[in-house]
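Participant: Could you build all of it, start to finish, from the sequences and the hints given here?
Number of protein chains: 2
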Amino acid sequence: MIKATVYVTIKQSVLDPQGNAVQGALHSMGFQEVGQVRVGKYMELTLNTTDRREAETRLKEMCEKLLANTVIEDYRFELEGL
Amino acid sequence: MIKATVYVTIKQSVLDPQGNAVQGALHSMGFQEVGQVRVGKYMELTLNTTDRREAETRLKEMCEKLLANTVIEDYRFELEGL
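Chains as they are written, first to last, in this note's numbering: chain A, 709 to 790; chain B, 709 to 790.
Keep in mind that the hints were calculated from the coordinates and are not lab data.
It cannot be assumed that every hint is accurate.
Not close to chain B: a few residues of chain A, all C-beta gaps over 12 Å, as computed [as the list claims (entries may be wrong)]:
#, residue
1, Ile710
2, Ser721
3, Leu723
4, Thr778
5, Val779
6, Gly789
Sample of chain A residues facing chain B (criterion: CB under 8 Å; computed from the structure) [what the hints assert, rightly or not]:
#, residue
7, Val742
8, Arg746
9, Asn756
10, Arg766
Even for Gly, the Cβ is constructed at its ideal location relative to N, Cα and C.
Facilitator: Here it is as structure tokens:
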């Protein structure tokens, strides 16, 4: 079994309204030191396979097809044997 | 300036409907090897401070008060000097 961790982030060139909202909220709560905030997604998946290379290929496909919107988002992932 | 990365995940004992939806979608797309899926949040913040210890205390406060719902979510963060 392989544990995969996927990070999906909004591309630097794309506006992040959610990040801006979080930044505004933190400022209004007195956290003036907060600069840029970017919000992304973090996913943990278990894959019922032991073939690391196959897992990598398949996970890339999952990211491209469903997990990330590659027009506005970047993704990266880590694999870890269990 | 300090770069903080915050990971917010749903506690293991709490149901994750979004994770289940992603799992179902992946299965229906032919990714049968996918087991459990948990979806969390990933945030990158820049903090205009150089005091690492202070940044840690303040970030903990931000997580407890706004970034994570500690009733159902866990959080962890990493700090990195820029």
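Participant: Which numbered conditions among the earlier hints are violated in the structure presented, ordered from lowest to highest?
Facilitator: 1
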